[in-house]
Amino acid sequence: MDVKTLCLGILSRGDATGYEIRKQVAEGPFSHFFEAGYGSIYPALGKLLESGLVACREQSQDSRPDKKVYSISTNGRLALIDALSAPAAPDRVRSQFLFTTFFAHLLSARQVERLIAERLAWYCESVERMERCSETVCTAERPAGERFTHGLGLTVYKAAAQYLEDHGHELVAEALKLERMDAAD
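By the numbering used here, the letter at position 35 of the sequence shown is numbered 35, and the numbering carries on one by one without gaps.
Take these hints with a grain of salt, some might be off.
Claimed, not checked - As a list, the in silico DSBU-like pairs of lysine-lysine whose alpha-carbon atoms are at most 30 Å apart:
hint : residue 1 : residue 2
1    : 68        : 23
2    : 67        : 47
3    : 47        : 68
4    : 67        : 23
5    : 47        : 23
6    : 158       : 23
Said to hold, decoys possible - Cβ-Cβ distance ranges computed for the label pairs, FRET-style:
hint : residue 1 : residue 2 : range
7    : 86        : 181       : 47 to 53 Å
8    : 82        : 182       : 55 to 61 Å
9    : 86        : 174       : 41 to 47 Å
I should point out that these hints are in silico values taken from the structure, not numbers from a laboratory. Just so you know, these numbers come straight off a predicted model, no measurement behind them. Ideal Cβ placement from N, Cα and C applies to all residues, glycine included.
Please put together the full structure from these sequences, using the hints given.
See below:
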């Protein structure tokens, strides 16, 4: 999915500024499965505006420049539905953590232990944050898709944390074994 489709999806939930779109991606309901910065959001909004898929109005602010508030058009909503109707591409996981653990044999046991502990803490914090959000996301008033996505994300993060708790020591033990072998040589 591209950033234009992301913007259309967010705008289908209500009018928003580029800043508000970025905030939903960075801290809101999309933060666990999509990344987009201002450098891609604003150009996408410009292209959507040129294509007539969104409209823009300027809203005045005291002592500040006017802000641009975007809203999805009927054609934008149809384009969003078309994009959502296409087969979903396979997920592609890009993880610096997984890359680093792949080469854990090149790190000291202390580095591996810290890596595992930091990632476990991150997952636990993420689970806590998502569970706090459950009070607002998992209500009957929210669309089923939002509740489903939240629940699946929460389940994946809990499973990852559990895996690190259950198996992280194995990676540390292997690093210790390699350190001992290197020391013996």
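Structure-based check of each hint:
1. 68 - 23: holds (15 Å)
2. 67 - 47: holds (18 Å)
3. 47 - 68: holds (15 Å)
4. 67 - 23: holds (15 Å)
5. 47 - 23: holds (20 Å)
6. 158 - 23: Holds, at roughly 24 Å.
7. 86 - 181: 47 to 53 Å: With a Cβ separation near 52 Å, residue 86 and residue 181 satisfy 47 to 53 Å, so the hint holds.
8. 82 - 182: 55 to 61 Å: holds (57 Å)
9. 86 - 174: 41 to 47 Å: holds (43 Å)
No hint from the list above goes unmet by this structure.
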